[in-house]
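**Q** Each chain, written out:
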Amino acid sequence: MTTATPALSPRRYFGWSTDHKVIGVQYLVTSFFFFLVGGAMAGIIRTQLLAPDSTLVSAEAYNRLSTNHGSVMLFLWILPVLAGLGNYLVPLQIGARDMAFPRLNALSFWLLVPAGLLMLASFFVGAAEAGWTAYVPLSISGPDGQTLWAVSVILLGTSSMMGSINFVATIFTMRAEGLTFWRLPLFSWSMLATSILVLTATPVLTAGLALIAMDRLVGTLFFSVPAGGDPILWQNLFWFYSHPAVYIMVLPAMGAISEIFPVFARKPVFGYRMIAISSLAISLLGLTVWAHHMFTSGMDPRLRVPYMISTMIIAVPTGVKIFSWLATIWGGKIRLDTPMLFALGFISMFLIGGITGVFLAAIPVDLHVHDTYFVVAHLHFVLFGGSVSGAYAALYYWYPKITGRRFDERLGKVHFAANFIGTNLAYLPMFLAGLLGMPRRVVNYDPRFTELNQLASLGAFLLAVSVLPLLYNMIVSWVNGPKAGDNPWKAKTLEWQVSSPPPAHNFDQPPVVTEGPYDYGEAPAGSLKPSPAAAGD
Amino acid sequence: MTSHSIAHSDEFRAGRELSLDHRKLGMWLFLASEVMFFGGLIGTYLHYKATLPTPEAALLDTVLVGLNTFVLITSSLMVVLGLDAIQRGHRRGLITFLGLTALLGAIFLGGQVYEFISLAGHGVTLQSSVFGSSFYTLTGFHGLHVLIGVVWALVTLVKAARGTYSAQEHAGVEAFGLYWHFVDVVWIVLFTIIYLI
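Residue numbers (the working numbering), protein chains in the order written: chain A, 2 to 538; chain B, 397 to 593.
Hints in this document: simulated from the structure, not taken from any laboratory. Predicted model only: the values in this text are computed from it and were never measured. Each hint should be verified, as a subset may be incorrect.
[Said to hold, decoys possible] Here are the computed distance ranges between Cβ atoms for each label pair:
id : chain 1 : residue 1 : chain 2 : residue 2 : range
1  : A       : I310      : B       : L499      : 50 to 56 angstroms
2  : A       : L304      : B       : I593      : 20 to 26 angstroms
3  : B       : T521      : A       : R104      : 57 to 63 angstroms
4  : A       : G438      : B       : L448      : 33 to 39 angstroms
[Unchecked claim] One side only, chain B facing chain A, incomplete, derived with CB under 8 angstroms:
id : residue
5  : L427
6  : S429
7  : E430
8  : M432
9  : G436
10 : Q508
11 : W548
12 : L550
Ideal placement from N, C-alpha and C gives every residue a C-beta, glycine not left out.
Chain A on its own, in the form it takes in the complex (with noise of 0.2 angstroms):
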C-alpha cells in the first residue's frame, strides 16, 4: 500500500488545505502554540504567588493574566487540540475518504486563527478582567479588551459548532460498509457525543455574549443593574453553556484513553456498549447540571437541590467508564509504554478531579469552599490531571500514524513522569490551600499560605519543564526518528489498517468491516481484508 502512495510535501501543513489530515495536524500544532502561551501566563501567576505580598505583578495585570490564562487554555488548547484530534481521526476511524464538508472544516479551523489572535491583542488595548467567567457588571465596566475578549470566544464557539456539525454528519452518512455503530471505534463515539452537546450548549453561550457585546457597544441594558438587568441571568446563560464545556474537553479524552486501554492490555474492551452510551449519557445529564455553579450567587434556593442530585447522578455514567476501563486491563498483557502511562495517570488524576466534582455538588460543601482554591485544584484535576493527560496519551499514541515515524520512548516517559509528578504537586496543595479559606483570583494573600502556595508553584515550574522533553521528541522524532511501520502497536481500528502516514485519500479502496474493533484474542485481527497480516495477538 505505501509504495503506491506518492510523497507527500511538508509544504501542505502550512496553506489552506480541506484534507481532512492536514487540518488536524494545523489544529494540533495551532492549539499547541496556544497551550505555550497559556502556559507562559499561568508561569507569571505562579511566580507572583511565591511570596504573599509579591508585587512582581500589579492586581489589575494578575487579573488579566488570570482571565486570559483561563480563556486561552480552555478556548484555544484544550478544545482545539481534541478537535484537532478528531479531525485527523474519526474519517480514518469509519473508513471515509474525509469529512462531510471539507470546506466548512477547513473555515472552523482558519476561524480559529484570527480568533485566538484578536484573543492575544486585547492585551494591547486593556485585556480583559473579569474572569474567564465574565461575570456582569465587571465584564460590562471593563476595559475595551473584554469587547474583543467576547468577540474572538463567540468565533471560537462558531468554529467549534461547525466541526460538530461536520462531525455528526461525517459519523451518521460516511461509514463504511458494515462499520453499524456498534462496531464504531469508541473515540468516534465520543466525538459524536460531544459534538451533540457542543450543538446544544454553545449557541446558549453566543446568545449571552452577544448581549455582553451589545451593552458595551450600542448601549442595550441587559445587564445594567440600575435598569433592572439581573446579573444572575448572565450566569445563567454562560453556565448553560461552561459546565457542558467541562464534558466536551473530557469525552474525546476519555474516548482516545479508551483506545488505548485494549490495545495495550492486548484485551477487548470491557463494557464497550457501556463505554460508548456513557459518552450520550454524560452529554443528555451535563445539559441539567449548570446552575451548581450558581449555589452562593442568589438564586432560587428550593431549586438548589434538584441541581445538587443532577449533579451527582453524572458521576454514575463516569464511573461506568471508570469501572470498565479497569476491567478493560485486568488480567491483561500490559505494555507500559507511554500512551499507555499518560491513559493510567488520566484515570488516577481524573479521579481525583471528579470525585471532588461530586464533594462541590454537595451544598454545603460548596457554601463552605465555593470561589475558594479547592474549586481551582478540583477544576485542574480535571482539565489537566484528566483532558491534558488524555490529549497527551492520543499524541502518543497517534503520531508514529500521523508522522510515520517512531517516538523517543525514554524522552516520552520522562515526559509522563515531570507531568505526572508536577501536576500533583502543583494542584493538591491547592485542594489544602482552598479547603482553610485561601480565595482564588487574588494577587496578594494571607502569609499562613505560603508554603502551599510554594510548593504549588514548585509543581508549575516542573510542568513547564516537562514540556521540553515533549516538544523535543515530538520535533526530533518527526525529522530522524525510526521508520515506525504502519501499525506499530498492532491496533485493530481502521485507521491503523493504511500506511502511516495516511495517502491523501485515505483509502484506495472502500473498506468493508466485519467484525467489531477490539477482538483482541478472539478473532482473526485486522478488519480491512479478509486476509489480515498478523497483527496482534
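Once you have looked at the hints, place chain B on chain A.
**A** Only chain B this time, still in chain A's reference frame:
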C-alpha cells in the same frame, strides 16, 4: 422526495442506507443550534418580562404585526410550491415562487422597519429600557435571519435560472426551504410570546 448525492466519496456513504443526505442532515444540525441560540434570547426576554414592569408592551401594534405574520407564513407556502414545481421538473415555476418568497420576505422586513420606526417615535429604543433592549434584540436577530433568507432566496433563484436544479437534483432548494421554514416557525413562536401573551 428524492435526494441524490453528488458529493465526493459517494461509495462510502452509510447515509444511503439510512436515506440520509449529508447536506440535509448538516442543515438540520445547524437549525438545531439556531433553536438553542433563539432559546437563549427568548429566555432572556421572558425573564425580564416576568420580573420587570413593561409599560411599553401596550404600544405594540398587534394588528400590523399580525398581518406581517400572515405575509411570512404565505412566503413559506411559496417555498413549498416552488419545491413542488422543481420536483415535477418545472423550472419556471421554481423561479416564480422563489421570486415571490423573496418579495414576501422583503415586505415582512419593510413592516418590521415601519414598526421599529413608530415604536422609536414613542421613545422605545434599544437604550430606553431593559424591555426595549430585549424586544429589539430578539425581533432584530429574527429580522437579520429573514434578511439572510431573502438573499439566499435570490441566490437560489439565480442558480435556478442558470439551470442548476432539476427534478432529480434539488438539494440546494431543499436546504434553503428548511432554513426558510425554520425562520418562519421561529417567528410564530416570537409573535405568540411577544404580541399575544
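**Q** Now tell me, hint by hint, if it's right for this structure.
**A** Right, here's what the structure says about each hint:
Our hint of 50 to 56 angstroms for A:I310 and B:L499 holds, since their Cβ atoms are close to 53 angstroms apart. Taken as a hint, the range 20 to 26 angstroms holds for the pair A:L304 and B:I593, whose Cβ atoms sit roughly 24 angstroms apart. In this structure the hint that B:T521 and A:R104 lie 57 to 63 angstroms apart at CB is violated, the actual value being about 41 angstroms. Between A:G438 and B:L448 the Cβ separation comes to about 38 angstroms, which falls inside the hinted range of 33 to 39 angstroms.
For B:L427, the interface hint is violated, since its Cβ never comes within 8 angstroms of a Cβ in chain A; the closest pair sits about 10 angstroms apart. This hint holds: B:S429 has a C-beta 5 angstroms from the nearest C-beta of chain A, less than the 8 angstroms allowed. Hint status for B:E430 relative to chain A: holds, with the closest Cβ pair at about 7 angstroms, below 8 angstroms. The interface hint given for B:M432 holds, since its Cβ lies 4 angstroms from the closest Cβ of chain A, which is under the 8 angstroms cut-off.
Evaluation of the B:G436 hint against chain A yields a held restraint, the C-beta minimum of about 3 angstroms falling below 8 angstroms. About 18 angstroms separates the beta-carbon of B:Q508 from the nearest beta-carbon of chain A, more than 8 angstroms, and the hint is not met. Hint status for B:W548: violated, given a least beta-carbon distance of 16 angstroms to chain A, over 8 angstroms. Look at B:L550: its Cβ only gets to about 22 angstroms from chain A, farther than 8 angstroms, so that hint breaks.
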